[in-house]
Structure formats: C-alpha cells, structure tokens
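Peer 1: Sequences listed follow chains A and B, in order. In terms of the UniProt record's numbering, the first sequence opens at residue 1 and continues consecutively. In terms of the UniProt record's numbering, the second sequence opens at residue 1 and continues consecutively.
Rather than coming from a laboratory, the hints here were simulated on the basis of the structure. Do not take every clue at face value.
No farther apart than 25 Å at their CA atoms in a straight line, the calculated lysine to any residue pairs in the SDA-like style are these [as the list claims (entries may be wrong)]:
#	chain 1	residue 1	chain 2	residue 2
1	A	LYS34	A	ILE75
2	B	LYS96	A	VAL95
3	B	LYS286	A	ILE75
4	B	LYS300	A	ILE75
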Amino acid sequence: MQFLKDIVPAALNNINTKFIVLDKGRIDLEGQHKTCLALVADETAAVHFQMWGDECDVFEPGDIIRLENGIFSYIRNNRNNHVLRAGKRGKAEKVGEFTMAYVEKPNMSEIHWVPDPKNPKIYLPVDFTSYISSTH
Amino acid sequence: MALKITERGIHEAENPIEVSFREAFELLKPQLNPPFTLKVLTKEEYSNLNKALIFGIFSQPNLAEVHIKHLHAIVIDGYDLFTCMLVKIVDELYVKLVDSVKIQLIWVTKEMLNVLAIGFDKLMVALLRQIVGGDFSEGNLWLCLEMVALFLANWDCLLEEEPLMLNKGLYVFLRLLADHYGVPSNPMIDGLKRMEVVFCVRLLREQFLLCLKIGRDLIRLLQDLVHIPEFKAIWRDLLLNPRHFGVDGFKDISQIYHTKTPSSYFLLRVTPEMETKLRFLLTHVKLGNQKRYQVWFAKKFLGVPGSEVILTDIVRFICCSVHPSSEIMQPDILPRWAVIGWLLTSCRKSYVQANLKLALFYDWLFYDETTDNVMNIEPAILLMVNSIPNYIEVTRTLLEFLLIVVDNYDIERKEIVSRGVSTALSTLVKRGVVSSLDVLTRCDMIAPVHREMFGKLVLVMQGIHSQKIGSASIIHDISPPPSHLLSSSLGSQHPNRVNCN
C-alpha cells in the first residue's frame, strides 16, 4: 500500500493505495460513460481521482476507497493535469467511511511533472528537476 | 452463488468479518450434518466451528435448529466465544445484514438467553444499541418491538440472572418512548408504545430499588414522559408519595439527583458506528480541520427529519463517556467542547436545543465533589469561555440557560441545585479547568443582569455571603431576575414546574 505523496505518473497500472473522498465535481459524459473528478486524500497528500461509470454514483464524500492497480497519468487532452484512476485493469472499492485523517496539501495533481531527461519513462516533479540540474 | 449475510453495494469491498465466517462455513460444511463428530477440538478448530455454525444459522434458516443442536453438543466454554462472535457481528455489520439474517439473529439471541449463555447480556446490549433514536423506519421499529418483547417474555429470568439488564432496557425504552409519543399514531407504533409503557412502568413500580441504580439520568428521561398518564402517576408518587415505591430509605427524589449515572448507560443510546466516528473526531482530527467530518456526520446521522433528538444522547455520551487521556488532550486535537458547540448550533428546533443544554449542564445541577467526575462538567465551562471571542451568542445562551435552570429546575429543591452548580464552579476553578470565573463575571458582552445572577452563584461557591470579594462591584446589588427570563423555555419540564394533578 502506497502513500499518495509517493505516487509518480507512469503509463502503468501499478498504484495500490487507500484514500478518503473529500469532494466530488460534476458528473460528465465521456462518450457513453460517466466520469467525475473528485478530490481525494490520505494523511500525506491529496490528488484528483477520476471516477468512471458507476463509481460516479456510488462513491460519496467521506467514503474510504481502496485502489488496486490504479494508474496515475494525464487525462485525455490535458497533459498538465495528472489524475489517479482505476483504469481498465484496476479496481476501486469502498472499504469504510469517515475514520481516516487527511491533508489537502500537497496536491499531487497540481504538481507539474516532466519526463526525466535521462529516462523518459520516468516523470519528475518540476521542482525536483530544477533541483537536480542545479546540483549537477 | 455464494451464501451471503450482508447487503453489498457495487464497488463495495466484501467485509473481512463476513469473509472469515463464510470461509469457516465452507471449510466445515461436510461436518455440519448429523451425526456430529464429537472429537476434542483444538482452540482453532473450536473457533472455526463456532464461526461455521453462526454462518449456517444466519444463511440457512431452515437448518438453524440443526446447527443450534450441534452447538449445544459441542460447546465447552458456556457459549462465551459464540456470543462474543455474535456481538462482533452486531457491532460491525448489523446495519448491512440482510433482513432474513436479522430475524435469525433475534432467534439465536433468544436461544442464548434460554441457555443463559455467558455473554448473553452483552449480546442484548449490542442489539439495544442498534435501535436508532428518532428513526421511525420499519426496520428500526421492528428491532425495537423484538427487543421489548424479549425483555417482557424473559422478565423473571433476567431479574434473577442479570437484573442490571432490565435497567439497561428501562433506560433505552424510556428514551425511545419520548420519540414514539412524538409521532402520529399508527398500529405498529401504538402497539410498540403499549409494550414499552408496560415494561417501563412495571419495572419502576415493582423494582424501584433496582431502577435507582440508573441514577439522575432516570429523572432526565422521565421528564420527557410526564404527559403520558402512567408516568404522570409515577411523577406524582416521586414528588408527593415516595414511600409508595416500597423502598426502605427512599424518602425524596433528591436521593436520585445525588446518584451519578454510570457511564455505560450513555453508550446504550449511541450506535457503535456513531461512537466510532465521534471518538475518531475527538482523537484524530485537528482543530480547524473538522469541517468536512462534521458535514459527513450530519449527513449520515442528522439528515432525516426527527433525527435531531439524538443530539441530546450524543451530548450526554461526550460529557460522560468520552474522557480523553492526557496524551490526547493536546492543543491541536478537536476538543469535546468544540464538538458540542457544533452540535448546539446545528440544532434547529428550540425544544431539542433546550434538552441539549440540559444534557450539557445536567451533572452541574447536582455536582458532588466526592462522587462526581470533573470531566463530565468540563465541556460546558470551556464552551462558554472559549466562545466569548467569536461566538458570544453561545456563551450568552448557555449562561442564561444555566441561570434559569438553577432557579426553576425544581423549585422545591432550589438550594440543592444551587449548591450543585456552585460546587461545580468551584471544582472547575480548583482543578484548573479555568483559572478564574472573572472572564464571565467581567465580560461586558454579557447582560449585566446575567452577570449579577452568575455572580451570586460565584458568591455561594466562595462561601462568602456578605463580605467583600474581588468581583463585588458586579454583585453588590442582587435583584431578582426579570420575570421574562423565567418564562423562557426550559426544554422538557421538570414536573415540579408543571401541574401534576
């Protein structure tokens, strides 16, 4: 189980984590499917979580969700905004309510991520890359 | 399809407790039919068989008799483990259990009572706690009806084996009667009310000595029922004819005032789910970070019309049953007074608000340093003092209420209440909960007349009646309170303020 502060973008369904839903945005239609962006958090960080299909109706603020094999990547048409989601291979399930502490900062979706110049498969937060270039 | 005992929504993880019970059942299924093997079991095997039998009783109602016979044949611990497991299921899963399982649960509870299983009382308490105050849904009324019927049907057995269980039933059903008399009648609720009245009145009339063990909150609950004829008669005897209860040494209602209610009673009117969430608020949530949790709590428990009545139960629970240890009482964790302040401001109905204030101050009225706990009276003073800078209206309304209560709660026994409140104030200062009461007596945002009346209580507290004291300037001329104050709402009224005849 990962803390949200430790997630980094990748094109892999490799994120196993648990968080509490703080707020839900408007439910939209993407083709035939409902989507809904939510603010979720654990005790280390917050992130935007994209609900998909039935998840949009079922998950409510205050619900504690366990995400298995989730993915943290940019969403269609918006390379600057990374969101967490279950994706086709992942699974998000409600495991409880209320009893989870959280912080709203940092928000991992608000961090500007760029590919690592040395290995484009790995993303680094912008602050971090400037830190690296200044020390090298 | 796999057998299930709970309703599960889509995208909802299966509950680990249910999984472990089902696994035990699946594992032992071949052994659950007669003839039963009666070999000596290891601890783990015994535990698994108990789980399997519970799952069988719940999911195969037609075979429940077989499973219970099996249980009676193999039991070696007086059913201790079996009832423990049932309590865990009730506490953690009751709301989600499918209806047929709830019916089985009541059936197996009756069985446990019949064999006087170790822990049957804990199982009954667990079920009582699942009856939600202010909830008139069919499922909730059904549980209420099953439980009151269980108490009535097992009266003699309970009286002999576990008399305090009857007291717990009394506490719950007195409190629920107030709810049930507050809604329009229908056949289900009318039948339920009759049974609740029969149970409560019988216990009060026949076993009053036992009832006295509940302590002062018994009076607080009876106040809400004074309009019901049977309880009006009880009130008349309490006030005018105490010997009628046939308890040697019981001469006056004030004897009940002086008994602190054991904290276990307050748990009876808070569901385990509410308890978990409130305790989480008071141990893990930082002050300033509580907003969302409050919204979620209100949505879950206070959203339905009529549910506000549980606020009083919650306040008694927080004051008397949640006493954070010193490690938790850190400055950054949400304190009890702040939660109560939020509950007070979320009250929309004035009579609920008055009952909530009475619940908050109730231990003040009869405070005795030798038997009472300062933690029970701490939230009220801290709420008053800490509200001065930004929520002066809260301070005003609480102080005004306290002053009205002192003069009017029980006009025949005014000096008892006044002494109780003064002792409470003196204890709060002495124990350092507040460094002094000047912050209230000198606060110019509080009406002078209220400061004067409060100063009078402070005077009593200091045991000084005529000499000069530090804050004499505000108390030199104590005039009677203006009459409009006396007509203010006291919430449910103590019958000494209403015509009992």
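Peer 1: All hints, please: hold or fail.
Peer 2: Consistency of the hints with the structure:
no.	hint	in the structure
1	A:LYS34 to A:ILE75	holds (15 Å)
2	B:LYS96 to A:VAL95	holds (13 Å)
3	B:LYS286 to A:ILE75	violated (34 Å)
4	B:LYS300 to A:ILE75	violated (33 Å)
This entry does not satisfy hints 3, 4, going by the numbered hints stated previously.
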